[in-house]
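Spelled out, the chains give:
Number of protein chains: 4
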Amino acid sequence: MENQNPVFIPGPTNIPERLRKAMSVPTWDHRSPEFGRMFVPLLQDLKQPFGTTRGDVAVFTASGTGGWETAITNTLSPGDTVLAARYGMFSHRWIDLCERHGLDVKVIDCGWGEGAPIAAYRDALAADTDHRIKAVLSVHNETATGVRSDVGAVREAMDAADHPAMLFVDGVSSIGSMEFRMDDWGVDMAVAGSQKGFMLATGLAIVAASPKAQAAMETAQLPRCYFDLRDMLAAGGKGSYPYTPAIGLIEGLRESVNMLLAEGLDNVHARHFRIAEGVRRAVAAWGMEVCARHPELNSDTVTAIMVPDGFDSTELVNYANETYGVSFGIGLGQVAGQLFRIGHLGQMSDVMALSGIATAEMAMKDLGYPIELGSGVAAAQEYYRANSAVAQRKTA
Amino acid sequence: MENQNPVFIPGPTNIPERLRKAMSVPTWDHRSPEFGRMFVPLLQDLKQPFGTTRGDVAVFTASGTGGWETAITNTLSPGDTVLAARYGMFSHRWIDLCERHGLDVKVIDCGWGEGAPIAAYRDALAADTDHRIKAVLSVHNETATGVRSDVGAVREAMDAADHPAMLFVDGVSSIGSMEFRMDDWGVDMAVAGSQKGFMLATGLAIVAASPKAQAAMETAQLPRCYFDLRDMLAAGGKGSYPYTPAIGLIEGLRESVNMLLAEGLDNVHARHFRIAEGVRRAVAAWGMEVCARHPELNSDTVTAIMVPDGFDSTELVNYANETYGVSFGIGLGQVAGQLFRIGHLGQMSDVMALSGIATAEMAMKDLGYPIELGSGVAAAQEYYRANSAVAQRKTA
Amino acid sequence: MENQNPVFIPGPTNIPERLRKAMSVPTWDHRSPEFGRMFVPLLQDLKQPFGTTRGDVAVFTASGTGGWETAITNTLSPGDTVLAARYGMFSHRWIDLCERHGLDVKVIDCGWGEGAPIAAYRDALAADTDHRIKAVLSVHNETATGVRSDVGAVREAMDAADHPAMLFVDGVSSIGSMEFRMDDWGVDMAVAGSQKGFMLATGLAIVAASPKAQAAMETAQLPRCYFDLRDMLAAGGKGSYPYTPAIGLIEGLRESVNMLLAEGLDNVHARHFRIAEGVRRAVAAWGMEVCARHPELNSDTVTAIMVPDGFDSTELVNYANETYGVSFGIGLGQVAGQLFRIGHLGQMSDVMALSGIATAEMAMKDLGYPIELGSGVAAAQEYYRANSAVAQRKTA
Amino acid sequence: MENQNPVFIPGPTNIPERLRKAMSVPTWDHRSPEFGRMFVPLLQDLKQPFGTTRGDVAVFTASGTGGWETAITNTLSPGDTVLAARYGMFSHRWIDLCERHGLDVKVIDCGWGEGAPIAAYRDALAADTDHRIKAVLSVHNETATGVRSDVGAVREAMDAADHPAMLFVDGVSSIGSMEFRMDDWGVDMAVAGSQKGFMLATGLAIVAASPKAQAAMETAQLPRCYFDLRDMLAAGGKGSYPYTPAIGLIEGLRESVNMLLAEGLDNVHARHFRIAEGVRRAVAAWGMEVCARHPELNSDTVTAIMVPDGFDSTELVNYANETYGVSFGIGLGQVAGQLFRIGHLGQMSDVMALSGIATAEMAMKDLGYPIELGSGVAAAQEYYRANSAVAQRKTA
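For the record, the sequence lines run as chains W, G, S and Z.
Here the first sequence stands for residues 1 to 396, numbered as in UniProt numbering.
Here the second sequence stands for residues 1 to 396, numbered as in UniProt numbering.
Here the third sequence stands for residues 1 to 396, numbered as in UniProt numbering.
Here the fourth sequence stands for residues 1 to 396, numbered as in UniProt numbering.
Only true hints are included.
A pair counts as met if it fits within one copy or between any two copies, since identical chains are not told apart.
List of simulated lysine to any residue pairs, SDA-like, C-alpha gap at most 20 Å:
(1) K47 with G264
(2) K365 with S375
(3) K365 with R281
(4) K365 with P308
(5) K365 with Y383
By construction, these hints were calculated from the structure, which means they are not laboratory data.
With the sequences and hints as input, model every part of the structure.
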């Protein structure tokens with residue numbers, strides 16, 4: 001905590017100085033007109049990283065879990081059926097949250113390392129001829145396994161089955177970093193969090209709701225108040241807030257969106273790909289494998305790296321933290337001990353990524369992994385050189 | 001927003017520099033052992049401002065409204081009856097929240113400016129011979145009216161009726177500033193917020209649960225997940241967190257509790273009384289009245305001041321903000337237009353309070369109120385002089 | 001130190017949040033091109049608060065004393081004669097600095113409370129028929145006595161005597177707050193400091209040199225290196241710095257000048273007059289006198305208030321600090337014990353000023369001064385009301 | 001400027017978060033007793049990194065150049081002779097500063113990359129039988145070449161010649177990072193800067209004066225006022241300051257010294273050696289040479305790396321900055337174009353150092369240097385692994 005090393009956890013990210021400052025504000029009156037003057041355009045601009053023009057965005061003081069809760073309690077009723085796939089810890093937890101709210105969750109269990117099971121979704125939807133399934137849940141970027149799913153294909157499966165269910169997507173670790181096309185993919189509820197692609201401290205759950213989801217709010221019977229989206233959208237439209245807002249985080253979000261839009265979302269996505277690809281080259285140079293089963297599943301915000309048989313990834317992560325003062329992500333749930341994760345989202349640079357790769361190498365070597373020092377670094381360097389920020393810019 | 005004037009809203013407060021810094025932290029790994037080393041003792045120390053040794057404290061990323069939701073969803077089941085009194089906007093909103101969660105709320109409506117209706121509570125409880133009432137709700141300090149209620153007397157009423165209901169108390173604008181005796185008063189759920197007595201930014205709902213409330217968690221059927229107190233208490237006990245914590249706010253809370261305990265809670269309470277009393281002297285010198293119907297109801301964190309007939313307090317508050325760059329609180333709900341509020345909690349000093357009083361005088365004079373400039377200031381000065389911080393210290 | 005009360009010392013001022021942030025920067029490379037891209041236009045823009053288009057500005061890491069040293073060592077030679085008037089502690093110290101550098105200072109001693117002695121200057125210059133006087137020194141705003149001198153009249157006296165001496169002016173506590181017309185007044189060296197009208201932390205001496213002063217640099221024999229203006233101007237012109245610059249302070253200065261120019265210097269000056277006038281009304285209401293001998297000498301950045309016979313102003317200042325946590329300025333030198341000073345420069349607002357006035361009243365009353373509580377506050381309120389920021393804006 | 005990459009310039013360093021916060025303070029009254037309560041013990045504690053108990057320390061608002069000026073103007077008179085060696089840009093500039101102050105500097109010119117020329121010093125002193133040399137100047141750590149000189153040997157040479165001259169040492173880029181033994185080495189004036197080993201922003205020149213130097217102050221005739229050490233030492237002893245101090249930087253220095261002493265100066269020095277040695281291993285792995293002519297001359301705060309014939313180090317440094325957003329130091333003066341410098345002082349960690357090494361590799365490869373990617377990283381990793389912070393601690 002007392003060093004200046006970057007963190008390599010898959011969120012919260014290394015907070016840019018500009019956002020550190022934007023978030024740290026003296027108290028001012030959230031009921032004054034200044035609040036609305038900031039908040040209304042922010043809610044509009046937030047639509048861009050979600051890829052929506054038709055949906056509306058709301059900002060809650062909560063972590064991503066609160067965003068999940070917002071999505072379901074505002075649109076569903078006790079006993080409703082939802083279809084979900086489990087392929088990592090976060091898809092698992094969202095399912096658990098649904099069950100705690102009395103929903104009947106049809107779970108498609110997949111291998112951890114796989115993405116959203118398109119065929120299985122399609123089959124389940126096709127079989128649901130009386131349309132008991134009210135919502136399909138999908139985690140866009142499974143932070144636990146470094147897997148990005150094809151949400152567009154989920155939508156296609158739903159359309160193929162001609163199924164009227166809503167589509168809810170967890171984009172907590174993708175939105176703001178990786179392409180997200182809410183309207184094109186027909187997403188009805190999308191959930192993001194301040195501490196990931198928005199590069200802020202934890203504390204805001206950002207939720208976008210399609211017109212269809214908003215219509216569902218009128219009949220949904222699950223109880224909610226703190227996460228009541230009707231209140232929040234109605235207040236937001238008028239530049240107010242239903243209760244006391246976390247004004248510093250919201251000022252930070254304003255600045256974060258400014259940064260993302262100034263850079264251009266396409267550039268932001270390309271940058272994340274570039275940093276991630278360097279890390280993947282390093283993994284390959286180590287002779288190790290990522291958790292994602294196919295290259296097209298690779299996440300650009302987090303890479304989950306399988307450790308060789310006989311090694312314990314939790315020990316590796318703890319060791320790196322204690323010995324080198326660098327935090328990586330451990331394996332969670334089913335993959336505990338089997339993988340460690342390098343988060344590379346937000347304002348991560350190739351220079352910072354190289355220090356993470358180099359540290360991982362030292363820690364693995366120290367613990368007897370069959371690794372050659374510098375090998376992953378060299379592979380990443382080779383990639384970053386050829387695809388440097390400047391090279392990138394010049395060809396843009 | 002671009003000046004350095006203090007705010008006089010009844011929370012969020014003027015944030016002390018030390019807490020500005022404590023809250024603003026680079027990202028560090030909340031899953032590392034450092035987190036528990038900070039968090040476990042913090043949860044212990046937090047018991048002191050709540051006045052409990054038997055209860056346990058949990059910290060959620062939310063505003064106070066989330067604390068209310070935590071209190072009821074963890075202990076009650078759909079259709080349960082609760083008894084509540086409405087004597088201001090915040091008691092009203094908590095009732096609304098209960099109703100949205102499908103609870104049957106027996107509402108005792110009181111005049112705004114009155115405190116918790118002890119006799120009415122007693123009668124209602126005595127009449128409830130089959131103990132359908134599962135919980136009694138009481139707002140300790142009604143921020144909308146500047147009224148502090150006698151929670152101990154509520155407990156006595158419950159005991160007099162020999163009623164087994166739980167007692168839930170909103171201490172959002174009192175805990176950390178005014179005396180709160182959770183154990184002595186037999187409170188089962190108490191709710192506080194980071195942005196009031198703890199002098200932090202908005203973002204943490206702090207909830208203490210008695211053993212009885214914790215027992216009720218086992219059978220309560222209201223759905224909850226984000227605000228699930230079992231998860232939070234279990235995690236807290238081990239120094240972890242069920243999801244990503246708002247680590248900056250928690251570091252701020254650690255420092256805030258350090259400050260409160262170093263000053264001594266009795267001294268903190270005495271300081272709030274002293275500042276508040278100066279404001280009340282000013283009101284009296286103006287020939288105006290506070291909303292609180294009896295002096296013993298006066299809150300020490302916020303003073304609500306009735307404006308004379310023919311004047312509109314909302315206009316006054318807007319005018320002061322626009323003309324002098326100073327924020328006061330408007331009247332809410334029933335008392336909209338009829339009162340304005342001077343918040344004086346947190347690190348407010350007599351010097352700062354005097355500038356608020358002086359500004360209110362100018363704004364009132366500008367708008368034609370029958371007020372003598374300097375009169376309230378002089379009355380407050382007289383009181384502060386005789387009871388200055390130093391005098392206070394010397395006689396301590 | 002642990003409260004949020006404003007300070008009322010005549011600099012350093014209460015630092016605006018925006019400047020707190022601007023000054024606090026991570027290290028970046030001052031030899032990179034970014035430095036020049038910031039610095040070159042800053043040096044240009046700085047000419048405006050100095051009121052010069054012909055002069056050039058340099059920024060040294062030093063306090064104002066370093067600015068004085070810059071002015072003389074770059075333009076004079078050992079044994080040179082300078083003419084100076086002493087009418088307060090700061091004019092005294094500049095004289096002392098000259099003497100330590102081996103200059104022959106012809107001192108015109110004035111009463112403290114008087115301004116620059118125009119007639120005496122004129123007589124001395126007229127008598128200096130062989131033009132041995134190389135420079136005339138004048139303190140524009142004597143911080144020790146709250147006196148603003150008429151620099152234009154000094155120039156007229158010089159011109160009347162047809163004397164070729166240079167004119168050096170200490171504008172440390174005026175530039176950026178009060179009108180300063182370097183070109184119109186024929187000032188050759190003007191000295192300002194970051195911690196006064198620029199509202200920053202102490203650490204930058206800002207010096208403007210006329211073409212005549214710059215010509216004198218070529219022949220001046222006083223040794224200098226750290227404060228060598230030739231190096232600094234040459235480097236500044238190329239966007240570099242002769243040694244390591246205080247980059248955070250310079251970024252702060254960039255933002256400060258942005259703020260001043262956005263508000264408009266005329267508005268800045270009018271604001272300072274308004275705040276100051278309120279303080280002066282309070283002093284009059286107390287039945288006390290300011291140190292400045294004539295109203296036209298009143299400074300708009302600091303008011304020096306004579307205490308009644310039998311009272312000790314140092315005791316008053318210490319008492320206010322210990323009892324109320326508020327800092328005023330003590331009397332210095334000849335006027336030690338006889339006056340206390342209220343600094344009201346920078347981002348001071350009427351609201352803040354009122355708290356200073358109110359605190360002074362309490363402290364004086366506590367110490368037995370024959371003062372009526374609230375009297376000064378009321379007088380200031382009356383003035384501020386009629387001349388509020390908004391009123392000001394509306395008539396602008 | 002808009003990334004979070006570390007800087008690798010040899011000062012200012014990457015500022016620790018704790019010091020960022022310590023330096024950023026609201027204004028408080030530097031004439032209040034709090035100032036002395038902080039400042040007096042700070043001046044005492046500062047003696048430790050200087051390695052003195054007999055000397056006294058003063059803190060000026062200036063950069064290191066101001067420290068040089070302090071050393072000579074307080075102890076010497078116009079025309080005095082000083083003996084100095086030139087072996088880099090900073091020794092050169094100090095000589096220039098002396099000459100501008102009218103001193104007669106006997107310069108021993110050495111190759112850049114060599115250290116203090118002990119034999120030449122001895123010969124010159126032995127030849128100076130009438131003791132015209134009043135002071136010997138030596139740069140302990142020549143930042144331009146990455147060379148640490150043996151100051152103890154300079155003292156031995158002086159003693160061998162039985163010469164009474166004073167010994168003045170520039171420790172700007174060593175004190176606080178590398179061992180400095182003022183008393184043992186018989187140093188009379190030692191100069192440090194806030195932005196190097198003290199890890200702060202630029203702005204404080206920290207000077208220690210031996211009793212002998214302090215005695216010389218009484219007769220020295222060079223003019224000085226801003227840098228008058230008598231005023232500063234006298235004020236410091238009483239906890240005051242001769243003019244307005246840079247209070248934020250001084251608060252930062254207080255915290256910095258706390259950090260250094262808590263870690264233990266021996267540990268601080270060992271840490272700097274460890275980080276530096278890793279960088280040197282990388283240079284060796286690249287098949288390149290450092291500027292320092294012998295291994296015992298290697299600096300532990302900065303490594304200057306000779307580029308192969310045909311390459312231009314300035315181009316390399318600019319390229320790395322533009323392409324990868326990382327700042328290294330260029331070659332200065334005689335060695336311009338011939339070397340680039342990696343600064344690794346302050347809170348630099350092995351993890352950060354590896355990112356600098358990796359970046360240098362990419363930039364060199366891009367520009368056609370005959371370098372193998374990852375080779376330097378691997379060499380540094382190997383060293384850091386075997387000498388990690390933890391390993392270090394365990395064997396301590």
